[in-house]
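Engineer: Given next are the chains, with one letter for each unit.
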Amino acid sequence: MQKNRAVLQGTHFLSGDLACAEGALAAGCEFFGGYPITPATEIAERMAKRLPEIGGVYLQMEDEIASIAAVIGASFAGKKAMTATSGPGFSLMQENIGLAVMTEAPLVIVNIMRGGPSTGQPTMPSQQDVMQARWGSHGDYEIIALAPSSVQEMFDLTIESFNLAETYRVPVMLLADATIGHMWERVKIPPQEEIPLSWRKKPEVAPAKYKPFKPDENLVPPMACFGEGYRFHATGLTHNEEGAPATVSSEAQDRLVRRLCNKIRRNTKEIMKIEEIMLDDAEIVVLAYGITSRAALSAVRMVRKEGIKAGLLRLVTIWPFPTELVTQIAKKSRAIVVPEMNCGQLVREVERAAKTTPVLLLSKLGEEPHRPSEISSALRKAIK
Amino acid sequence: MKKSNILQNHPFAKYLRQDRMPHIWCAGCGNGILINSFINALDELSIDLDKVVVVSGIGCIGRAAGYINVDSFHTTHGRAIAFATGVKLANPELKVVVISGDGDLFAIGGNHFIHAARRNVDIKVICANNFTYGMTGGQYSPTTPLESWTTTTPYGSIEHPFNLVHLAAASGAIYVARWTTLQVRRLKNSIKKSLQKEGFSFIEVISPCPTIYDRYNKLGTATDVMRLFKQISQVQHGYDPSKAVITKNQIMVGEFMDIEKPSYGRLLREMTIRVQEKLKGEESK
Ligand SMILES: Cc1ncc(C[n+]2csc(CCOP(=O)(O)OP(=O)(O)O)c2C)c(N)n1
Ligand code: SF4
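If you read the protein sequences in the order shown, they are chains A and B. Residue 105 in this note's numbering sits at position 105 of the first sequence; the count goes up by one each step and never skips. Residue 583 in this note's numbering sits at position 199 of the second sequence; the count goes up by one each step and never skips.
Rather than coming from a laboratory, the hints here were simulated on the basis of the structure. Treat each hint with caution, since some may be false.
Residues from chain B that keep clear of chain A, each with C-beta distances beyond 10 angstroms, as calculated [said to hold, decoys possible]:
hint : residue
1    : 409
2    : 416
3    : 424
4    : 433
5    : 454
6    : 456
7    : 521
8    : 526
9    : 576
10   : 629
11   : 659
Just a few of them, taken from the derived set where beta-carbon distance is under 7 angstroms, the chain B residues facing chain A [as the list claims (entries may be wrong)]:
hint : residue
12   : 397
13   : 431
14   : 432
15   : 435
16   : 437
17   : 453
18   : 474
19   : 495
Predicted, not measured: the structure shown is a model, and the values here were computed from it. Ideal placement from N, C-alpha and C gives every residue a C-beta, glycine not left out.
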């Protein structure tokens with residue numbers, strides 16, 4: 001299945017956006033549907049140049065609603081497909097994100113977060129779409145979202161996003177921010193054969209026996225694609241395992257929606273990626289994700305030198321949220337500090353998980369991510 | 385005969401998902417005639433059904449995708465064409481057909497329609513135009529004629545409707561036709577033609593909605609509406625689409641546009657080959 005995809009080799013100096021595009025190509029992405037928006041435009045531009053080189057399709061649609069619709073279409077036509085956007089475009093995509101969840105379309109949505117609400121601050125970073133990523137479309141569902149903290153991770157986690165999308169038949173979100181998207185760093189690309197890639201499970205039954213939404217043990221249904229002779233139907237309506245609409249059956253609604261949630265909830269351990277740094281003896285913990293986790297690490301190191309037992313829990317996967325793990329860590333710590341570039345979004349999940357352990361939000365809006373000194377003084381205060 | 389026997393013995397049984405019957409459409413609805421013409425066209429062309437994809441939006445006619453026994457997808461309201469564009473470009477082998485309503489394709493989905501036509505993406509759009517939003521109970525749509533009664537124009541419509549064939553032609557479609565559900569043979573022939581052409585084609589099917597629109601506007605039974613279609617349709621090929629405005633007394637039907645122009649897919653393939661050859665040349669230097 002895997003062809004030579006002209007993946008970049010060796011070490012390169014790249015921006016986060018460019019690394020994301022190269023990561024997508026390394027993951028086997030052959031279709032990009034998008035609409036230009038700062039600070040994600042460079043991903044589209046790179047894909048417009050690179051995709052024809054590998055025989056793939058770059059498609060600039062009329063808006064983000066169309067972009068995600070085309071990406072779902074390409075996914076059902078058998079291609080690994082993606083889109084990239086920022087706040088306003090992400091808002092426009094929400095209805096069809098629900099469609100991708102409901103029809104179990106593997107695809108990747110990159111959101112290079114900028115300041116909102118509305119047009120907000122196009123070139124400034126934020127982490128203001130964390131909750132929109134989680135609950136933005138109507139209805140009840142679970143989602144996977146990853147938060148890169150470096151240009152290297154823009155490459156690595158784009159590949160990881162495709163792998164998760166293919167494994168669980170879900171839209172996966174890569175939530176970066178304007179700083180990471182535009183920052184330039186060194187990226188080491190491993191030899192192509194050392195990059196593990198996942199592909200959607202194919203049906204093993206004859207077309208007449210195929211039920212497009214009948215799950216395997218891991219709750220994920222094998223996926224036929226258009227043109228392969230299975231002649232299946234998919235719909236955004238609540239449906240049964242055959243794909244037939246079941247719009248008034250409580251049983252069908254309960255079965256389908258719970259499975260869609262459970263295929264992520266029950267596989268959380270396999271999906272979850274976190275980094276535990278100096279947590280063994282930590283009395284005070286910083287929980288951070290994305291760009292802010294870099295300043296958080298410096299701050300932890302700084303206060304350690306002063307004898308404060310601080311540690312860092314860095315979430316690479318922010319959705320599904322590692323509730324159990326945070327509960328365990330909270331039990332052993334005196335407080336959890338959560339730096340976020342919003343007015344407090346993921347902190348709500350932390351509070352829920354931390355139970356009685358105090359949780360301190362370090363909220364910041366605007367131009368700059370947190371400085372290490374801001375986080376270290378919060379740590380000093382919290383330990384007093 | 386039992387329902388299952390009737391279905392199994394029907395000459396077109398293989399084209400329908402029998403487990404999805406009975407369909408949701410009202411007696412006398414034009415949607416059945418549209419599907420019948422489409423299936424007839426597939427049958428006469430002996431197209432490989434494994435390579436046909438039918439995409440619909442939301443609405444009464446939006447259920448079409450679920451009934452036709454090929455790969456099919458029922459998208460969100462208005463997004464069928466954008467979805468279909470992704471399908472066609474990701475797998476150019478497939479024949480991609482969009483079957484949807486006037487509200488779905490031209491209100492919420494209007495932007496996708498004009499842009500797909502402009503790009504000349506090789507998809508075939510068939511619109512069931514019943515002049516209303518049937519599924520939601522008969523509100524006005526972008527094709528509702530001036531002065532018509534709908535549940536949201538209780539004093540008569542004061543909006544000017546689209547002339548869909550003009551819109552399609554002006555946006556760049558290479559094949560544009562309009563028929564009523566009365567001219568089934570011609571409709572079928574148009575569908576066949578569009579399936580054989582490469583590029584964006586648009587077929588408008590004027591379709592009765594006896595339960596809602598026709599009743600509200602006192603047009604009589606489904607048979608009365610067919611009689612009306614007979615009286616007021618005027619067949620003329622090559623007619624200027626900008627003049628083919630539908631009025632109370634006249635529905636111009638026929639082929640309005642039938643030209644050749646490179647499709648988006650073709651231009652994309654040609655560009656890809658150029659890029660790859662240049663790349664090879666650079667590598668061997
Ligand atoms: C985003 C969104 N808005 C509104 C609706 C409600 N809705 C469902 S069908 C429909 C109109 C369909 O009209 P048309 O395309 O003309 O098809 P018909 O039902 O007449 O066949 C509307 C407004 C929806 N499903 N989604
Ligand atoms: S409401 Fe009108 S368009 Fe809808 S199924 Fe009934 S007759 Fe057809």
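Engineer: State for each hint whether it applies.
Structural biologist: Structure-based check of all given hints:
no.	hint	in the structure
1	409	14 angstroms, holds
2	416	18 angstroms, holds
3	424	19 angstroms, holds
4	433	7 angstroms, violated
5	454	6 angstroms, violated
6	456	5 angstroms, violated
7	521	16 angstroms, holds
8	526	17 angstroms, holds
9	576	21 angstroms, holds
10	629	27 angstroms, holds
11	659	4 angstroms, violated
12	397	14 angstroms, violated
13	431	13 angstroms, violated
14	432	9 angstroms, violated
15	435	6 angstroms, holds
16	437	5 angstroms, holds
17	453	6 angstroms, holds
18	474	4 angstroms, holds
19	495	5 angstroms, holds
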